[in-house]
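Residues per chain, in single letters:
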Amino acid sequence: MGHIVLVTGGARSGKSTRAEARVSALPGERVYIATARPDDAEMRERIARHAARRGAGWVTVEEPLDLVGALARSDGRGPRLVDCLTLWLANLMFAGRDWEPEAAALVAALARQQGPVVLVSNEVGMGIVPENALARAFRDAQGWLNQRVAEAADEVEFVVSGLPLKVK
Amino acid sequence: MGHIVLVTGGARSGKSTRAEARVSALPGERVYIATARPDDAEMRERIARHAARRGAGWVTVEEPLDLVGALARSDGRGPRLVDCLTLWLANLMFAGRDWEPEAAALVAALARQQGPVVLVSNEVGMGIVPENALARAFRDAQGWLNQRVAEAADEVEFVVSGLPLKVK
Amino acid sequence: MGHIVLVTGGARSGKSTRAEARVSALPGERVYIATARPDDAEMRERIARHAARRGAGWVTVEEPLDLVGALARSDGRGPRLVDCLTLWLANLMFAGRDWEPEAAALVAALARQQGPVVLVSNEVGMGIVPENALARAFRDAQGWLNQRVAEAADEVEFVVSGLPLKVK
Numbered sequence: 001m002g003h004i005v006l007v008t009g010g011a012r013s014g015k016s017t018r019a020e021a022r023v024s025a026l027p028g029e030r031v032y033i034a035t036a037r038p039d040d041a042e043m044r045e046r047i048a049r050h051a052a053r054r055g056a057g058w059v060t061v062e063e064p065l066d067l068v069g070a071l072a073r074s075d076g077r078g079p080r081l082v083d084c085l086t087l088w089l090a091n092l093m094f095a096g097r098d099w100e101p102e103a104a105a106l107v108a109a110l111a112r113q114q115g116p117v118v119l120v121s122n123e124v125g126m127g128i129v130p131e132n133a134l135a136r137a138f139r140d141a142q143g144w145l146n147q148r149v150a151e152a153a154d155e156v157e158f159v160v161s162g163l164p165l166k167v168k
Numbered sequence: 001m002g003h004i005v006l007v008t009g010g011a012r013s014g015k016s017t018r019a020e021a022r023v024s025a026l027p028g029e030r031v032y033i034a035t036a037r038p039d040d041a042e043m044r045e046r047i048a049r050h051a052a053r054r055g056a057g058w059v060t061v062e063e064p065l066d067l068v069g070a071l072a073r074s075d076g077r078g079p080r081l082v083d084c085l086t087l088w089l090a091n092l093m094f095a096g097r098d099w100e101p102e103a104a105a106l107v108a109a110l111a112r113q114q115g116p117v118v119l120v121s122n123e124v125g126m127g128i129v130p131e132n133a134l135a136r137a138f139r140d141a142q143g144w145l146n147q148r149v150a151e152a153a154d155e156v157e158f159v160v161s162g163l164p165l166k167v168k
Numbered sequence: 001m002g003h004i005v006l007v008t009g010g011a012r013s014g015k016s017t018r019a020e021a022r023v024s025a026l027p028g029e030r031v032y033i034a035t036a037r038p039d040d041a042e043m044r045e046r047i048a049r050h051a052a053r054r055g056a057g058w059v060t061v062e063e064p065l066d067l068v069g070a071l072a073r074s075d076g077r078g079p080r081l082v083d084c085l086t087l088w089l090a091n092l093m094f095a096g097r098d099w100e101p102e103a104a105a106l107v108a109a110l111a112r113q114q115g116p117v118v119l120v121s122n123e124v125g126m127g128i129v130p131e132n133a134l135a136r137a138f139r140d141a142q143g144w145l146n147q148r149v150a151e152a153a154d155e156v157e158f159v160v161s162g163l164p165l166k167v168k
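Protein chains in written order, with the UniProt record's numbering: chain A, 1 to 168; chain B, 1 to 168; chain C, 1 to 168.
Okay, chain A solo, but in the shape it has when bound (with noise of 0.2 Å):
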């Protein structure tokens, strides 16, 4: 059974950097699957700063929205970073596609995995209560999958100004 670990954080907390720390320790060949979308100047300077940080050795898979199939397909090649589930739920949601069964159906196809896995998502629920309905919605449904995914997970850990906290 391949060992899962969930990285959760801040905006910025140093998030990506520990996941791909502890991918990088792992042997094999380190795959990169990315569920940004890169549509606008932000994400694609995002994307081309971390792939910098990441250098050779790695390969990368743009799966913004079928993480499930993407996970299969690279099962088995090396380890896996999951970069992040924020995104990919946001897609699923902007998509218009009911995020609750594929939620379920990534939890489930995380059972399965042979190879390891490292997912990275956010915190998002530690501020004001948005104004925004929709906001209000993502805010929550982000909650829920980060509950579901750690409670999958064989570890989970909290970056705080680039350092882990170790929550299981």
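Be a bit skeptical, because a hint or two may be false.
Copies of the same chain look alike in the list, so a pair counts if it works inside one copy or between any two.
25 Å max Cα-Cα, derived SDA-like pairs, lysine to any residue [as the list claims (entries may be wrong)]:
id : residue 1 : residue 2
1  : Lys168    : Arg53
2  : Lys166    : Tyr32
3  : Lys168    : Ala21
4  : Lys168    : Gln147
5  : Lys166    : Ala152
6  : Lys166    : Leu65
7  : Lys166    : Asp98
8  : Lys166    : Arg148
9  : Lys168    : Thr60
Since the hints were made in silico from the structure, they are not lab data.
Starting from the known structure of chain A, arrange chains B and C on it as the hints suggest.
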């Protein structure tokens, strides 16, 4: 003296579930002190979902404002769950009440409890400074209340992705 | 080499009080380096409240921009409290200064200190993504700064409801 536990965390972090588990582990009739006002559809749906999750073996008391009274009246019946301080504080402010003496009275009341109490609260100060002055005032009040209740508590847990981190 | 401590947390989490306690436990004249600009009523009131809490035995230095200089000038006098990096960063950005070299210079300066320094900063990235591009840029800069200062620090504490969680 009643054992006091504060369970804090972000929105949808699993803090209510965690607090319920803490109360369920204690002997006696469980009292759920709900501070929510079932005013709108979102809130009604959430209250119904929480009630279904708790199941039988719980008595529900609805008290949006007089939390000190609700604690006094329920003391000795069994372990109490206060869910949550954030809605209570919002209700006080919305009712135009001066929250500071009420918060001080709550902290004083906690020291008088004979039976155990588990209180749920939210972390709301880890986002960008709100543009809205009322939201800033609420954020300040919530932070102050959490500090005072944490000081009065025997245990404090910070819930991240459904998992408790012991902070006291 | 001066011992460097970063105390981070949300708004009104009790991080300043915690940082003051850390500095107060050290021998020597305490220097409070305030980065706040007493421009508006809210901020003036907060500064006065913090000063009253600290009491005697503190020298206050107001330095909204030249934090590196303030640290150099105060080194050797006694333990220093920098409150806080978030206002300093906001001041730099508001003044149209390029924050990245200034942040790098601060990190380099921390390595040169002979006496101890406790720095307060905020976690601002655990809410919903701000709609405002400037707020997003600030959030990113703050996250980056916290990571770099945490890397340079000997100790890092994350304060939740007034209680410190040791992260380094």
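Numbered hints the structure breaks, given as an ascending list: Of the numbered hints, 6, 7 and 9 do not hold.
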